[in-house]
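What follows is each chain in one-letter form.
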Amino acid sequence: MAELHVELVAADRSVWSGEATRVIARTPSGDIGIMPGHQPLLTVLESGPVTIRTTGSGGDGTVLAAVHGGFISFADNKLSLLAEIAELSDEIDVERAERALEQAKADADAGAERRAEVRLLAVAGH
Amino acid sequence: MGAQMRVYKRRIRSVSATKKITRAMEMIAASRVVKAQRQVAASTPYATELTSAVTAVAAGSETKHPLTTEVERPVRAAILLITSDRGLAGGYNSNAIKQAEALTTRLTGAGRQVDHFIVGRKGVSYFGFRERPVTESWTGFTDNPTYADAKKVAAPLIEALSKETSEGGVDEIHIVYTEFHSMMTQTARDNRLLPIVFEKTAEESMEVFEAARKKEHEYQALYDFEPSADAVLDALLPRYVESRIYNALLQSAASKHAATRRAMKSATDNAEELIKSLTRLANQARQAEITQEISEIVGGANALADASAGSDR
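Chains as they are written, first to last, in numbering that gives the first Met the number 0: chain A, 0 to 125; chain B, 0 to 312.
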């Protein structure tokens, strides 16, 4: 099966890289799914969960990550996901995100609320 | 114990105490350099990917964006100077400041007004002491900068660039920071951040740019921009500036720690040297004291012998 190479990079570290068959991410105009051989693309990312269907040495599986703002660029079968903050679902502390969500709701801080929601979504697998 | 010797002993004690402190500071700085270096390395993939994305847009679209186009007659330039909050780092801060001063002179010579933006308490106090205007300054994070700090620094710079020069905006942004080559070499340097010059920003960006240009000759990579090329560029360039500033902050932090380590190492060496020569002096004083005592005793004994010989007669 055709594959594309994915690099998920945060501002201060490289979060995940590997081969994948499909990547789903959220853009301002809606969710976008990218499969191998897609047209070259450069898009702004909304904060939201990113789903990567993986192949390669690690076997088939799904990598979920929470991404807060950034870009997606695809060319030559290589996909770069650039985000200021990116976390894999298994790095996210659910309790802390829930607490942050409550705190943000109490403070009426829309940005923080969105960030916490995105984290929880990524863990839940949507 | 003689007065002289007591003075030497006291000085030796004080120098050894200083030596202990400088040795500890050297160790701390050494461990921090390693950490800072790791951070520089960790931030590199993002910077590289971002640079190639910017290049892709710049090469793949006809868009004219205020952040990429050169102004015909630039009136005002901003300089972002990165220094540290604390001294004890040898020539680190003064080299960065000197570099900024040279750049200021060069830009003023070319007929531009210069606005200064400063990171680090040392740079702020340099300008404060000379009563020179500083547009904006930040302190408190130079030892361990985070991406949020870089964002904070980048925001007013980007805002200044998008404003008209008549309203206090700027046409160019320059950055002065200390590049980290190795444990032993760090050099202060200045770069023009915006409008983007691909040859100067970094070697890797040059390579990317060249590769993109070559590709352009082969086939035009037709990028799909969502929602539009302008919107993507609007969102992309501030991030680009932030990541460059972040990189500069990290490199400066690594350089600062390396400079501190070196300064503290030579301070420790000097203290050792001082202790050695003071010990020699103290030994000499002790010898002198003993010699004096002996000659006093011998002199006294002789005098006694002379006196008793005289009374015997």
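Certain hints may be false.
Stated by the list, open to error - Only pairs whose alpha carbons sit at most 20 angstroms apart, straight line, appear in this in silico EDC-like list of lysine to aspartate or glutamate: (1) Lys150(B) - Glu166(B); (2) Lys77(A) - Glu272(B); (3) Lys150(B) - Asp11(A); (4) Lys104(A) - Asp89(A); (5) Lys150(B) - Glu45(A); (6) Lys151(B) - Glu18(A); (7) Lys162(B) - Glu71(B); (8) Lys162(B) - Glu130(B); (9) Lys151(B) - Asp114(B); (10) Lys150(B) - Glu83(A); (11) Lys151(B) - Asp11(A); (12) Lys151(B) - Glu94(A); (13) Lys104(A) - Glu90(A); (14) Lys19(B) - Asp233(B); (15) Lys19(B) - Glu271(B); (16) Lys18(B) - Glu272(B); (17) Lys77(A) - Asp268(B); (18) Lys77(A) - Glu116(A); (19) Lys151(B) - Asp223(B); (20) Lys162(B) - Asp229(B); (21) Lys34(B) - Glu45(A).
Claimed, not checked - One side only, chain B facing chain A, incomplete, derived with CB under 10 angstroms: (22) Lys19; (23) Thr43; (24) Thr47; (25) Phe126; (26) Pro226; (27) Asp233; (28) Glu288; (29) Ile289; (30) Ile296; (31) Gly299; (32) Asn301.
These are calculated hints, taken from the structure and not from any lab test. All C-beta atoms in this analysis are idealised placements derived from N, C-alpha and C, irrespective of residue type, glycine included.
For each hint given before, does the structure comply? Return the numbers of the non-compliant ones in rising order. 1, 2, 4, 6, 8, 12, 13, 14, 17, 18, 19, 21, 22, 25, 28, 29, 30, 31 and 32
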